[in-house]
Each structure stands twice: as C-alpha cells, then as structure tokens.
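Visitor: Here's the letter readout for the chains.
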Amino acid sequence: MRTALLVLLALVCAACGPKYAMNVPAGFVRYESKKGLAFITADGVQVRSRRARNYPKADLAFWADAMQRHLVASGYLLHAKNCFKTTAGLDGCTAEFVLPHAGEDWVLAETVFVVGDDLALVEAAGPFERYKKVSGALATSLLSFDPGP
Amino acid sequence: MNRICTACLLVYCLAYPTLARAADTAPAKVAAPAASKPAPDDRPTGDQKAIDGDPALRKDAEKAAPPAAERATSLTATIVVKVVHPQEVRKAAVERARAAGGWPTLVTDAELHLEVPQAALADTVDQLAAAGIVLQKSLQRVDRTEQIAQLQAKLKSKREILERLRTFFADSDTQSTLRIEQSMTQLVVEIESLQGELNVAESSARTAHVQASFQYHQRQRITYLRSPFEWLNTLDIDRFLAEF
Chain A
2 MRTALLVLLA LVCAACGPKY AMNVPAGFVR YESKKGLAFI TADGVQVRSR RARNYPKADL
62 AFWADAMQRH LVASGYLLHA KNCFKTTAGL DGCTAEFVLP HAGEDWVLAE TVFVVGDDLA
122 LVEAAGPFER YKKVSGALAT SLLSFDPGP
Chain B
632 MNRICTACLL VYCLAYPTLA RAADTAPAKV AAPAASKPAP DDRPTGDQKA IDGDPALRKD
692 AEKAAPPAAE RATSLTATIV VKVVHPQEVR KAAVERARAA GGWPTLVTDA ELHLEVPQAA
752 LADTVDQLAA AGIVLQKSLQ RVDRTEQIAQ LQAKLKSKRE ILERLRTFFA DSDTQSTLRI
812 EQSMTQLVVE IESLQGELNV AESSARTAHV QASFQYHQRQ RITYLRSPFE WLNTLDIDRF
872 LAEF
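Heads up: the sequence lines are chains A and B, in that order. Numbered according to my numbering, the first sequence spans residues 2 to 150. Numbered according to my numbering, the second sequence spans residues 632 to 875.
If you're looking for bench data, these hints aren't it; they were derived computationally from the structure. Note that the structure is a prediction, hence the values are computed from the model and not measured. Cβ atoms here follow ideal geometry from the backbone N, Cα and C, with glycine treated the same way. Worth double-checking, as some hints may not be accurate.
Said to hold, decoys possible - A few chain A residues facing chain B, derived, Cβ under 7 Å:
| hint | residue |
| --- | --- |
| 1 | Gln-69 |
| 2 | His-71 |
| 3 | Leu-100 |
| 4 | Ala-126 |
Claimed, not checked - Anything over 10 Å on all C-beta distances counts as not near chain B; from chain A, calculated:
| hint | residue |
| --- | --- |
| 5 | Gly-28 |
| 6 | Val-30 |
| 7 | Glu-33 |
| 8 | Phe-85 |
| 9 | Gly-90 |
| 10 | Val-116 |
| 11 | Gly-149 |
Just chain A, same shape as in the assembly:
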C-alpha cells in the first residue's frame, strides 16, 4: 500500500512538469494561475514559458540554428540574436524575429535552454514599438531563469 502511494505520488509529480522560475521583468505582472511562467505588460506584451522535447537530442547551438532557419524560411525576419549564460550557469539563446501581423510589425522572441531531455522555451510577443520598450528588462530577467529540479 505504501509503495503504491509512493508510485502514485511520483506519477503525479512527473505530470506536474518542471517548475520554471524567473524574476518578473520590470514593467510586467505575473499570471499566478497559469501553468508555467506567464507575464504581461499593461500594453499587452506577453511572455510565457513552455517545455518541448529535446528530440533528436541535440545541443543549444543546433536548436538555435534550426529554429532560426525554420522561422526565416517561414517569412519571419531575424532581427537580433543573443546567446548568454544565466546566473546559475545555464546556456540560453534568444532570437528576436519581426513579422507582419494584423497590419503591424510584431516581434516574436524565442529563448531556448537545453535541460537534459527537455527544451525550456521562453516566448515573448508584442507589437514592435511596445516590445522594444521592455526587451531590455526581459533580457535582464532571463539571466535569472531557473529550469527547476
């Protein structure tokens, strides 16, 4: 009975997924109720995290390159790319893409971290002018990203 309970607990914990942590960027507020990280500014720039499978297993440089090629081929314009190390020593890469959306220029920023068999993604999007106002704060905040246990 005790073993069964432990197995059940382990399964429940696995289903919860990783608990990513990151400082709230200046100018953003956090959605506490959403699964994973979710931030938004008063003028609608949105940030959220999600997990993807690192399959086939590859390193950060591979995925950053593949992502850039895929989005550029789809019509996104690579505007900036920045690879960095978090304060905890985890390597990450942010690529900012510009795209026409709803008659405006928008930015879709994708930050990738390789965490073992998983990829931790932090995505941000918003109209160009509004995004650029907070992009510095977001970059600073990404340095504090922690993929959790």
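Since the structure of chain A is already known, use the hints to place chain B on it.
Guide: Frame of chain A, contents of chain B only:
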C-alpha cells in the same frame, strides 16, 4: 555634273537606313565626319541644342569628365528602419537631403524615397539608420558606363549623318529635297530620344536613390512550413497568442 551629284544623293538617301543601322550597331567604327558646309536655314524642327549638342555644356562635361578608370555607377540604397516617431525622422531626413542638394521623390506614412548626390549617400543612410533599429539594409550598384558610352557614340554618329545630309540641300532637286527632309526629320526624332536616354542615364549616375521604409512588409503573410523537428512546428505567433 549636276546629274552625277543628284545620282550620288539618291544613292545616299536610299542607303541611309542601312548606314544608320550600321552606326547603331558599331558606333566605334563610324568614320570621321565629312567636310561640312554651312547649314541651310530650313532645318527640321526640334531642340537644336539636343540635336547638335550644346557646345558650352559639352565643354563643361569635358572639363568635369572623370578619369578613364572611373566608372559611371548608379546607386540605390534600401533601408528598413523601425523608428518610434516616423514623422519626425521623415521630416529631418528630407531637410538633410535638401541641404545636401537632394530632393524627395516619394513621401508617405510608411515610405520615404530620396534622390541625393552620390557623395551624400552614406551620410543619408547612416542618419536614417541612427534614428531607429535597422531591420534590413542593402546597396545596389549598376554600372552605367557602357550604356552611357553606347548612347554617346550613337548620338555622335547620328549627328554626323545629320550634318552630312544638310550638305546635300544645295544641289538637290525638289523630290530629293523632300526625301532628305524626311530622313532628317526621322533622324531628329531619333537624336532627341537618344539625348533623353542619355540625360536619364547620366543623371542616375550622378545621384543616388535612397528608399527608406519604416515598416517591414517584405512578405505580406507568414507561410506555414513543415519542419522535421516537431517542436519547431509549434513556433507560431497565432498559436502563441491563442494559448496565452
């Protein structure tokens, strides 16, 4: 003697189209102009400076002629720059272009096209780039040297033919005069057209064209491409916004 002259004239008039074509295709091989007689007064109408070539302008052009190694190049710079206040940037760019001797050719909310002297091109583009975030920048060079040389050679040979035709008026009878006038009128039309083309080519080699866009719209919409890497297929602005 008169009969011989008239016969020569008729042969020349009949052969003129062939001569003109030969001058078009091999301008460098055109012979030196024949000794010219004073031109008659009843010349065909048209812009005489364009037809004969303005001596003053020609002198100026010779003075300012670039060294043989220098190429006549037209430059087009294209820049997509995101700025917070496009109106202010546009106004400042137009003022700077005017101060440098240029002028705007298109001014809209999202686009600004400028013609500026080639020497001012780098400054104009740099100042536009400094006003915001550059998304795209390119420079296109088109060598106009050959085009200009060909046009000048064609023009020269047509003017020489025109001069030669004028010399035949004195001894020609009525029918021959009519034929000569017809040929000269045609020649004047061709010379004016060539002079126009030459003016445009020379102008484009003197000024640079700047196309500034304040909005990125290289592609009107995003196309969906299937990636062999599953998670890359989930990178999409619409999905992101829908799932937020």
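Visitor: For each hint, tell me whether it holds in the structure or not.
Guide: Verification of the hints:
Residue-level restraint check for Gln-69 (chain A) is violated (minimum Cβ-Cβ distance to chain B is 10 Å; threshold 7 Å). At a threshold of 7 Å, the smallest CB-CB gap from His-71 (chain A) to chain B is about 5 Å, leaving the interface hint in force. Using the Cβ-Cβ criterion of 7 Å, the hint placing Leu-100 (chain A) at the interface with chain B is satisfied: the shortest such distance is roughly 6 Å. Given the 7 Å rule on beta carbons, the hint for Ala-126 (chain A) holds: about 5 Å separates it from the nearest Cβ of chain B.
The beta carbon of Gly-28 (chain A) sits about 16 Å from the closest Cβ of chain B, which is more than 10 Å, so the claim that it is off the interface holds. Every C-beta of chain B lies more than 10 Å from that of Val-30 (chain A), the closest at about 14 Å, which supports listing it as non-interface. Separation of Glu-33 (chain A) from chain B is adequate, the least Cβ-Cβ distance of about 15 Å exceeding the 10 Å criterion. Under the 10 Å C-beta cut-off, the non-interface status given to Phe-85 (chain A) relative to chain B holds; the minimum distance is some 20 Å.
Remark: the non-interface label on Gly-90 (chain A) is consistent with the geometry, its nearest Cβ contact in chain B lying 24 Å away (cut-off 10 Å). Remark: the non-interface label on Val-116 (chain A) is consistent with the geometry, its nearest Cβ contact in chain B lying 13 Å away (cut-off 10 Å). With a minimum CB-CB distance of about 19 Å to chain B, Gly-149 (chain A) clears the 10 Å threshold, and the non-interface call stands.
When each numbered hint is compared with the structure, a violation occurs for hint 1 only.
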